[in-house]
Amino acid sequence: NAGVTQTPKFQVLKTGQSMTLQCAQDMNHNSMYWYRQDPGMGLRLIYYSASEGTTDKGEVPNGYNVSRLNKREFSLRLESAAPSQTSVYFCASSLVRAEKLFFGSGTQLSVL
Amino acid sequence: QKEVEQNSGPLSVPEGAIASLNCTYSDRGSQSFFWYRQYSGKSPELIMSIYSNGDKEDGRFTAQLNKASQYVSLLIRDSQPSDSATYLCAVKSSQGNLIFGKGTKLSVKP
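So the sequence lines, in the order shown, correspond to chains A and B. According to the numbering used here, the stretch in the first sequence is residues 19 to 130, in order. According to the numbering used here, the stretch in the second sequence is residues 1298 to 1407, in order.
Take the hints with a grain of salt, since some may be wrong.
Here are the computed lysine to any residue pairs in the SDA-like style, where the Cα-Cα straight-line distance is at most 25 Å [to be verified]:
hint : chain 1 : residue 1 : chain 2 : residue 2
1    : B       : K1402     : B       : N1363
2    : B       : K1353     : B       : Q1377
3    : A       : K27       : B       : E1342
4    : B       : K1399     : A       : G76
5    : B       : K1339     : A       : Q29
Derived from the structure by calculation, the hints contain no laboratory data.
Chain A on its own, in the form it takes in the complex (with noise of 0.2 Å):
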């Protein structure tokens, strides 16, 4: 049982590439969620999937888009990267929604 997956561990950027990281889950949870991380600066919520076919803004969403490829799929989009887009991105997912998440181990992304 992986849990939650996220790939990749580890990517560095130029400023204006772009990438999509991606998520999947086994639990057959219905919710999942993608946060950064920054230091000083907590988990905060980047966009998140309630259910399979919906989407909505978290906290921080300008830079990123999303797709709920299928119950188990959530991949986050970075169109244009940005240095201040350099964080640790963690992707979640749960049963009910804002309960009791599970995280995957996380991507540190690094933009030059």
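Given chain A's structure and the hints, the job is docking chain B onto it.
Just chain B now, kept in the frame of chain A:
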């Protein structure tokens, strides 16, 4: 903006002592409260959830909730060096989103 406040620490306790971690929240309509543990370089891991006023115990961990005071705490009894981590308080707001505090770093000294 709903807020969840924690003392950033570091909180340093000797091995075997009780560690007390505190959290306050601003949204009076919040109903669900969680504590996560995050080791350095790792992802957050859920360790406790609490929904009603009072205490909830799970092994060496006790979560305490006082909705009137908008206060949540986590007690760790018989603290071990392996408990050294950052502890994140999370509150489900009345709007249905999970708001995280910035975390308290705990250091347990042998």
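Each hint tested on the structure:
This hinted pair checks out: B/K1402 and B/N1363 have alpha carbons roughly 23 Å apart, not beyond 25 Å. Between the alpha carbons of B/K1353 and B/Q1377 the distance comes to roughly 20 Å, so the proposed pair stays at or under 25 Å and holds. Among the hinted pairs, A/K27 with B/E1342 is consistent with the structure: their alpha-carbon atoms are about 18 Å apart, no more than 25 Å. A threshold of 25 Å between alpha carbons decides the hint, and for B/K1399 with A/G76 the separation of about 17 Å falls inside it, so the pair holds.
Between B/K1339 and A/Q29 the alpha-carbon distance is near 16 Å, which keeps this suggested pair within the 25 Å criterion.
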